[in-house]
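Build the full structure now, drawing on both the sequences and the hints.
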Amino acid sequence: MFDFFGLKKKTQKTKILVVDDEPNIVQTLKDRLEMNDFQVTTAHNGSDGLKVAAEEKPDVILLDVIMPVMNGLEMLELLRKQPWGMDPSVIMLTARSQTQDIARANICGIDDYIVKPFDLSELLEKIEAILEQRKTLTKASV
Amino acid sequence: MARIAEIIKDIPVVYGQCDVVVDSETSVQEVFHQMVSQGAETVGVRTDESDQPILLNRDQLLRALADDVEGLQEMLNRIQKEVTESADERINLLQQTTAPVVVATAQKFEQALKVMMEGLIILDTRGRIELANPAAREMLGLEKQADLETVGQILDQLGFRALMTFSGQSAGQTNGQFRIKSGSASLLDVRWSVLNSDWGQMLGWVLTIRNITNEVAAEATKSEFIAAISHELRTPLTGIQNSVSNIMAGVTGKINDKTRQYLEMMDNDCHRFADLINDLLDIAKLEAGNMPITQKVMSMGSLVQNVSQEFEETAKSAGITLTCEVETDVCPVYADVKRIRQVLTNLLRNAIQYTPVGGAVTISVHDRGSDIVTEVADTGVGISLELQKQIFTKFYQVARQAGPGSKGSGLGLAICKGIIAVHGGTLWLESQSEHGSRFFFSLPKIDVSRILQRHIDIVIAANQQRHFRMGILLVTFEMSEKSDVPLRQAAGKIIAELLTQSRFFMASDMDIALQTGDNEMVFIINDCGRQTFESVRHKIEMNLLNFVKKHFIGIPIVPMLGMSLWPQDGADKNGLETAARKGLAPLLAG
Numbered sequence: 002m003f004d005f006f007g008l009k010k011k012t013q014k015t016k017i018l019v020v021d022d023e024p025n026i027v028q029t030l031k032d033r034l035e036m037n038d039f040q041v042t043t044a045h046n047g048s049d050g051l052k053v054a055a056e057e058k059p060d061v062i063l064l065d066v067i068m069p070v071m072n073g074l075e076m077l078e079l080l081r082k083q084p085w086g087m088d089p090s091v092i093m094l095t096a097r098s099q100t101q102d103i104a105r106a107n108i109c110g111i112d113d114y115i116v117k118p119f120d121l122s123e124l125l126e127k128i129e130a131i132l133e134q135r136k137t138l139t140k141a142s143v
Numbered sequence: 002m003a004r005i006a007e008i009i010k011d012i013p014v015v016y017g018q019c020d021v022v023v024d025s026e027t028s029v030q031e032v033f034h035q036m037v038s039q040g041a042e043t044v045g046v047r048t049d050e051s052d053q054p055i056l057l058n059r060d061q062l063l064r065a066l067a068d069d070v071e072g073l074q075e076m077l078n079r080i081q082k083e084v085t086e087s088a089d090e091r092i093n094l095l096q097q098t099t100a101p102v103v104v105a106t107a108q109k110f111e112q113a114l115k116v117m118m119e120g121l122i123i124l125d126t127r128g129r130i131e132l133a134n135p136a137a138r139e140m141l142g143l144e145k146q147a148d149l150e151t152v153g154q155i156l157d158q159l160g161f162r163a164l165m166t167f168s169g170q171s172a173g174q175t176n177g178q179f180r181i182k183s184g185s186a187s188l189l190d191v192r193w194s195v196l197n198s199d200w201g202q203m204l205g206w207v208l209t210i211r212n213i214t215n216e217v218a219a220e221a222t223k224s225e226f227i228a229a230i231s232h233e234l235r236t237p238l239t240g241i242q243n244s245v246s247n248i249m250a251g252v253t254g255k256i257n258d259k260t261r262q263y264l265e266m267m268d269n270d271c272h273r274f275a276d277l278i279n280d281l282l283d284i285a286k287l288e289a290g291n292m293p294i295t296q297k298v299m300s301m302g303s304l305v306q307n308v309s310q311e312f313e314e315t316a317k318s319a320g321i322t323l324t325c326e327v328e329t330d331v332c333p334v335y336a337d338v339k340r341i342r343q344v345l346t347n348l349l350r351n352a353i354q355y356t357p358v359g360g361a362v363t364i365s366v367h368d369r370g371s372d373i374v375t376e377v378a379d380t381g382v383g384i385s386l387e388l389q390k391q392i393f394t395k396f397y398q399v400a401r402q403a404g405p406g407s408k409g410s411g412l413g414l415a416i417c418k419g420i421i422a423v424h425g426g427t428l429w430l431e432s433q434s435e436h437g438s439r440f441f442f443s444l445p446k447i448d449v450s451r452i453l454q455r456h457i458d459i460v461i462a463a464n465q466q467r468h469f470r471m472g473i474l475l476v477t478f479e480m481s482e483k484s485d486v487p488l489r490q491a492a493g494k495i496i497a498e499l500l501t502q503s504r505f506f507m508a509s510d511m512d513i514a515l516q517t518g519d520n521e522m523v524f525i526i527n528d529c530g531r532q533t534f535e536s537v538r539h540k541i542e543m544n545l546l547n548f549v550k551k552h553f554i555g556i557p558i559v560p561m562l563g564m565s566l567w568p569q570d571g572a573d574k575n576g577l578e579t580a581a582r583k584g585l586a587p588l589l590a591g
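From first to last, the protein sequence lines stand for chains G and W.
Here our numbering is used: the first residue of the first sequence is 2, the next is one more, and so on.
Here our numbering is used: the first residue of the second sequence is 2, the next is one more, and so on.
Each hint should be verified, as a subset may be incorrect.
Stated by the list, open to error - Below, a sample of chain W positions facing chain G; criterion: calculated Cβ distance under 7 Å: (1) His232; (2) Arg235; (3) Thr236; (4) Thr239; (5) Gln242; (6) Asn243; (7) Ser244; (8) Ser246; (9) Asn247; (10) Val252; (11) Gly254; (12) Ala275; (13) Leu277.
Claimed, not checked - 20 Å max Cα-Cα, derived SDA-like pairs, lysine to any residue: (14) Lys136/G x Phe553/W; (15) Lys255/W x Asp112/G; (16) Lys297/W x Ile525/W; (17) Lys31/G x Thr253/W; (18) Lys136/G x Gln502/W; (19) Lys127/G x Glu498/W; (20) Lys494/W x Met87/G; (21) Lys540/W x Met87/G; (22) Lys127/G x Ala497/W; (23) Lys31/G x Gln502/W; (24) Lys31/G x Met249/W; (25) Lys540/W x Asp88/G.
Stated by the list, open to error - Listing some non-contacts, in silico: residues in chain G with all C-beta distances to chain W over 12 Å: (26) Met71; (27) Met87; (28) Leu121; (29) Lys127.
Simulated from the structure, these hints should not be mistaken for lab results.
Glycine is no exception: its CB is placed at the ideal position from the N, C-alpha and C atoms.
If you want it as structure tokens, here you go:
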């Protein structure tokens, strides 16, 4: 019984939240990530993204910049102000490699960014690298 | 032929000395020839009682003059009279003609100052305002008739005069530029120059003020437009690329070989399309002068080795020998790794593409004293002198051939040149037709003080309109063995870790964390008092200590911290680094 729980804890899937207003991109990302054994939730703008993030407490958020209602930067700022908001790792999906966006996002704290259009395999590598880092950080803080 | 007598009639008084041998048959031309050949310093002519003028040589003239004192006196009087008369005449003439010109010019200047769009202010040597045109007053948010004293008050409110003398602190600086936001919320571009007289005496300052609100807005609109277009183009492309990638990865199940072949083609074209969009964006940014670069301390040597490894396969399959010659321990440069990699990749790809089977491509890096030069040499077709002139222009390709294959946008070299220029370096080539080409680019050597100074300037510029404070915190390492490579690598790792954690210490968007050397980094904390600064320092210390204890226990390196505050610790901004360095102290191992 004890072992069973330990196993369950070990195999608990990593939660990823995808926030993007382009249905095609959300769909393709979701399919691929699920194939790679991640648990994926999605949202189509920043304001929905915040709600889903609060419910799901994802490990990683893939966040688009330009979105209606609330854009990615605004969402990031609000997210980091939440009591749990520093925990999720964030990868910005940016269609414009404008430094001011990245700089602004950097101030709030992002773990990485990737410029659209991107290779899904490159994005998967970035996610793996971040998960690896999270592991060492958790160990370090114990 | 004209005779002497005739020419002398036309010359009322001629005096002086000249040894000219003359007889009645000598022609004027001959006399002049003789005079000119002697240098024709002076010619002596004596008019005596007789109507006939006689040309004398020097001795004869002197003797004749001595004999004829009265004649001499008369001659002098005549000369004096003529000189005086002509001078009076000239003065009269001058007064009649120039005075109105002077007045008109002054009026024109006055009117020009009134109607010109640029603001103009002249200050005397003590910084008092001598002149301010209506445009200047208007831009500073004053009435057109406002007196000079009010103008001075406004300038002081804006911290303007202080700024001018502040930015002029470095010796020998005679002009400068800064931007201010005036009361009417318009953005002003102010340029100042020291006014000097012709013999170098300082007369004061002249300021020109331009309202650049609209210009800046137009620039922003252009950037917005480019960003929007790129977004519109990239978003659908991302959708296609992701779908193709998913099908190939097996999201939809097993696929047959023919389908895979088509998908690979689609994937390739997606990449080409993306590259084209990137090239267009890059050139647009370079032309607008806002190519963003994220500079870090980097080693050209390892980048070159890295990139040449990536090209090993391509070179091999093209039948080309690719070699890499890198001097060991080349001084690092301060550059955007991604951008420099882009330049290097571009040059290498070109070199391989334009070199026939059996040829060689060599990349090398050498220290040229003031900068680091990277060279990509090939034994390919070469580039004629004529083509060398065009090769860096947009959309140009050497011997662009029709047919299949990846052609690129033809923007590559123009972009490379632009990227290197943004870094303060140059890109050039040496080549002869049929004898291969050598492309070079230089990057300035890393200069810690300059990098630091630039970032301090950025912070100051962003805070120009108000009184502000800032602190700098320097982190470095003391090592038992200076040249010990593993130690330096360990220090580099700690610095990298500190950089990634830096977001936890940053409070405002003007706070900056930058690596200024292999094993050194600096935090510039904006707008903070001593207390805030101490708490930031404490946070950094704790993080640093934890990390070193966790991963580098037993390694003989000691983290050193130094800090200084502006304006408390350094009277001027230049002294900040020195102050921080002086205060460097080892971290307390707790």
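Which hint numbers doesn't this structure obey?
-> 11, 13, 15, 20, 23, 27 and 28
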